[in-house]
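Trainee: Each chain, written out:
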Amino acid sequence: MGSQVDVKTLVAQCREGDEGAWKDLVSQYENLVFSTALQTGLDQDAAVDVFQQVWVELHRSLFRIKDPQALPRWLIVTTRRISYRQAVTSGRWVRDLREDLVDPTPRADEVVSLLELRQQIQDGMAGLDPRCRRVVELFFFTEPPTSYQDASTELGLAEDSIGSLKSRCLDRLRKSMEVKP
Amino acid sequence: MSDNSFLDRLQKALKLSWKEPPKEVDNAKAKPKEEPIQPPPPGSSAETLTPADIRSGPGGKGGMVSRSFPGLDVTLMVTPPDGDGLWEVRGRAWRNPKADLDLTVVLVQGENVLDQSVVANGASFSFQDSLSDAWSLEFHLAEGNVVVLDGPPKE
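Residue numbers (full-length UniProt numbering), protein chains in the order written: chain G, 1 to 181; chain V, 1 to 155.
Honestly, I wouldn't trust all of these hints.
What the hints assert, rightly or not - Not everything, but these chain G residues come out facing chain V in the computed CB check (under 7 Å):
#1 E30
#2 S61
#3 F63
#4 R64
#5 R85
#6 L117
#7 I121
#8 M125
#9 L128
#10 R174
Unchecked claim - These stretches of chain V come out as covered by chain G in the derived footprint (C-beta under 8 Å, 3 or more residues):
#11 19 to 26
#12 37 to 50
#13 83 to 97
If you're looking for bench data, these hints aren't it; they were derived computationally from the structure. Ideal placement from N, C-alpha and C gives every residue a C-beta, glycine not left out.
Whenever a hint applies, use it, and build me the whole structure from the sequences.
Mentor: Below, the structure written as structure tokens:
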């Protein structure tokens with residue numbers, strides 16, 4: 001993971017036709033879009049189709065997005081809407097209309113909030129130094145979490161220093177994510 | 001947010017399945033050739049469809065709508081969803097006075113361009129999508145004018 005450019009800057013550059021900025025924008029949010037499509041229940045092939053359509057729609061909508069900082073949510077809502085359309089038109093899925101999948105201004109939705117948070121985590125991890133990034137991965141990204149003993153071996157640190165390092169790194173991640181109270 | 005709340009939310013978010021797309025979709029990183037269309041400028045001609053326009057068809061499903069604007073005549077058939085959540089909007093648009101110039105028809109919902117189609121004068125267009133309220137059709141003429149037809153307000 002490398003550093004991530006501010007989304008407002010990326011959108012502005014994309015509006016000017018910057019091909020490199022477009023590539024960076026897609027790279028930054030590709031996991032979010034693909035994971036959101038899968039989360040709606042589509043299989044991988046269908047999720048791939050949705051993935052392609054979302055970026056086409058984003059490019060067409062570039063000048064319509066009022067708040068580029070809200071792009072992650074725009075992507076989530078758009079992906080869910082296109083996923084629903086994909087499922088219905090391909091006949092894969094027949095069930096009652098789910099309003100939350102088609103409404104472009106979603107109500108509070110726990111899954112949408114968690115997907116947004118997951119993207120913030122990805123962005124925040126990219127802002128950490130490599131050691132803190134590894135510490136967070138060891139304790140929060142692995143299941144079961146790594147033991148302090150194994151972490152001290154991997155990091156080459158005394159075991160009794162791991163606890164405070166873990167706290168510091170978690171705090172840095174939180175700051176890096178710009179979590180608001 | 002307290003430390004425990006943050007940790008709790010973090011752990012919930014990390015439980016979500018988070019996958020990279022397969023390499024075969026790397027082509028999405030190539031900037032599309034089609035240029036994004038600017039929103040209509042202030043003062044563009046606009047009208048709003050009524051719920052009666054939509055219900056004016058057989059059985060109250062799907063109405064034929066005709067509208068005239070400066071420079072453009074439009075005929076539409078707007079069919080609301082029939083259990084599958086998908087609206088169908090199809091029609092034709094003619095330059096008035098006649099001109100053999102293409103126009104771009106754009107289906108918009110809020111901040112999303114749902115679909116767009118470049119059509120010759122008098123040619124048909126067709127869109128199908130799951131729409132809630134506040135959708136619009138924009139007709140972008142070659143000389144830069146834009147005509148807007150707003151979908152019916154939510155009942």
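Trainee: Hint E30 (chain G) vs chain V: min CB-CB distance below 7 Å?
Mentor: holds, 5 Å
Trainee: Do the numbers back the hint for R64 (chain G), that is, is its least Cβ distance to chain V under 7 Å?
Mentor: Holds: closest Cβ of chain V sits about 5 Å from R64 (chain G), inside 7 Å.
Trainee: At a threshold of 7 Å, is the proposed contact between L117 (chain G) and chain V supported by beta-carbon distances?
Mentor: holds, 4 Å
Trainee: Hint check: is the beta carbon of S61 (chain G) less than 7 Å from a beta carbon of chain V?
Mentor: Since the shortest Cβ distance to chain V is 5 Å, the answer is holds.
Trainee: Was the hint right that M125 (chain G) lines chain V, CB cutoff 7 Å?
Mentor: Violated, because the Cβ-Cβ distance from M125 (chain G) to chain V comes to roughly 11 Å (cut-off 7 Å).
Trainee: Are R174 (chain G) and chain V close enough, Cβ to Cβ, to be under 7 Å, as the hint says?
Mentor: holds, 6 Å
Trainee: Between the stretch 19 to 26 of chain V and chain G, see if three or more residues pass the 8 Å beta-carbon test, and mark the coverage as holds or violated.
Mentor: holds (count 6)
Trainee: Quick check on the hint: F63 (chain G) CB to chain V CB, less than 7 Å?
Mentor: holds, 5 Å
Trainee: Any CB of chain V closer than 7 Å to the CB of I121 (chain G)?
Mentor: holds, 6 Å
Trainee: Can the stretch 83 to 97 of chain V be counted as covered by chain G under the rule of three residues or more with Cβ-Cβ separation shorter than 8 Å?
Mentor: The restraint on the stretch 83 to 97 of chain V holds, since 4 of its residues have a Cβ under 8 Å from chain G and three suffice.
Trainee: Minimum Cβ distance from R85 (chain G) to chain V below 7 Å?
Mentor: Status holds, d = 5 Å.
Trainee: Was the hint right that L128 (chain G) lines chain V, CB cutoff 7 Å?
Mentor: With a minimum Cβ separation of about 14 Å from chain V (threshold 7 Å), the hint on L128 (chain G) is violated.
Checked against the numbered hints given earlier, the structure breaks hints 8, 9 and satisfies all the rest.
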